[in-house]
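Visitor: So the protein lines, in turn, are chains A and B.
Take 1 as the starting number for the first sequence in the numbering used here and just add one per residue.
Take 1 as the starting number for the second sequence in the numbering used here and just add one per residue.
Don't read these hints as lab results, they were simulated from the structure.
Keep in mind the model is a prediction, meaning the values are calculated, not measured.
Cβ atoms here follow ideal geometry from the backbone N, Cα and C, with glycine treated the same way.
There could be a bad hint or two in this list.
If the Cβ cut is set under 10 angstroms, some of the chain A residues that face chain B in the computed set are [claimed, not checked]:
# : residue
1 : 7
2 : 12
3 : 15
4 : 28
5 : 43
6 : 63
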Amino acid sequence: MFIAKVVGNVWATRKHRSLEGRKLMLVKPFSPETGACAGETTLAVDGGTGCGPGSVVLVLDEGGSARMILKDENAPVRTLVCGIIDSIDSKGKAVKYA
Amino acid sequence: MKLAQVVGRVFCARQCCGMDAKTLLLLEPLNWDDGKNAGDLLVAADCAGAGHKEKVFYVQSREAVTAFRGYSGETADGETAPPVDAAIVGIVDNWSTKL
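Let the sequences and hints guide you as you build the complete structure.
Guide: Here it is in structure tokens:
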């Protein structure tokens, strides 16, 4: 799993059947030390957390567990938002994210 | 899942078994931030019915085979899924990046 910031979302009416009814977010890897986003933006399916643009989230990066969360063994999903981060405690420094 | 634009189609008279029923589209990968080119062309099997010049998002490696398994209408339950490593799973209507 990696820490990421939701930078936007995607609207798609025609898509794979197991993606219907799911929110599609655009996430960018976020490093807590520098507090900045770095890396490639990718599309992550929202696993029911209700996150929106600007929130710092936990993104799963493996297909098997993503299908387990979505309870659908035919879902072609690899990156999935599985949590909204409240605070990160790294190297003795705790940072809160609203 | 990455963004791409359909720029063409690939026809193969002879190809491996199980791949014959799939339309192969030529994709130009774009990046989500500004929609500019982000790599060289790739061929992906189509699962969402994308047309020319449409912006789509696609999955790669193991998820591409999973997209065709089960009820996507292209593979009957008895058949094995096609041996592909990239599959288009949706057509993008619009996307917004704020930061």
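Visitor: Next step is simple, just say for each hint if it's right about the structure.
Guide: Here is what the structure says about each hint:
1. 7: Holds, because the Cβ-Cβ distance from residue 7 of chain A to chain B comes to roughly 5 angstroms (cut-off 10 angstroms).
2. 12: holds (4 angstroms)
3. 15: Holds - the Cβ of residue 15 of chain A comes within 10 angstroms of chain B, reaching about 3 angstroms at its closest.
4. 28: holds (8 angstroms)
5. 43: Holds, about 4 angstroms.
6. 63: holds (5 angstroms)
In this structure, none of the earlier numbered hints is contradicted; all agree with it.
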